[in-house]
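Q: Sequence:
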Amino acid sequence: METIYKYALVILLLVVLFNLGQALYFMMTDKDGSKRTVWALTRRIGLSILLILMVVLGIWMGWLHPHGVGQ
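Counting in our numbering, the final residue of the sequence shown is number 71, and the numbers go up one at a time with none missing.
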């Protein structure tokens, strides 16, 4: 279960980065008042919140272990 969960986190992180790149592309290519950039950034924010919640859940369930830097 831990390995599958970690793969899901990595895939979600890649999707967040893809949406960020997609928003940059839309921002550079769209000339008229298109909302594609706004929607791409909105999806990125929602996916980032989901990613943070999944990390918190993974730590709480014991599937992820923080490395304790600075302690």
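Hint data in this document are derived by calculation from the structure and do not stem from the laboratory. This one's a predicted model, so the numbers in the text were calculated from it and none came from an experiment. There may be inaccurate statements among the hints.
Said to hold, decoys possible - Each pair of labels, with its calculated beta carbon distance range:
#1 28 / 1: 18 to 26 Å
#2 69 / 2: 16 to 24 Å
#3 60 / 33: 20 to 28 Å
#4 50 / 2: 15 to 23 Å
#5 27 / 52: 22 to 30 Å
#6 15 / 35: 18 to 26 Å
#7 61 / 32: 22 to 30 Å
#8 68 / 8: 44 to 52 Å
#9 14 / 39: 15 to 23 Å
#10 27 / 62: 38 to 46 Å
No residue lacks a Cβ here, since even glycine has one placed at the ideal position from N, Cα and C.
Q: Against this structure, judge whether each hint is valid.
A: Hint check:
A C-beta distance of roughly 41 Å is found between residue 28 and residue 1, which places it outside the suggested range of 18 to 26 Å. The beta-carbon spacing between residue 69 and residue 2, approximately 21 Å, falls within the hinted interval of 16 to 24 Å. For residue 60 paired with residue 33, a C-beta distance near 43 Å fails the hint of 20 to 28 Å. Against the hinted window of 15 to 23 Å, the Cβ-Cβ separation of residue 50 and residue 2 comes to about 19 Å, which satisfies the hint.
At about 24 Å, the beta-carbon gap between residue 27 and residue 52 stays in the expected band of 22 to 30 Å. Distance hint for residue 15 and residue 35: a CB-CB separation of about 20 Å, consistent with the stated range 18 to 26 Å. The hint said 22 to 30 Å for the Cβ distance between residue 61 and residue 32, and at roughly 47 Å that hint is violated. Checking the proposed 44 to 52 Å range against residue 68 and residue 8 shows it is violated: the Cβ atoms sit about 24 Å from each other.
The beta-carbon spacing between residue 14 and residue 39, approximately 19 Å, falls within the hinted interval of 15 to 23 Å. For residue 27 and residue 62, the hinted distance range of 38 to 46 Å is satisfied, since their beta carbons lie about 41 Å from each other.
When held up to the earlier numbered hints, the structure conflicts with 1, 3, 7, 8 and fits the remainder.
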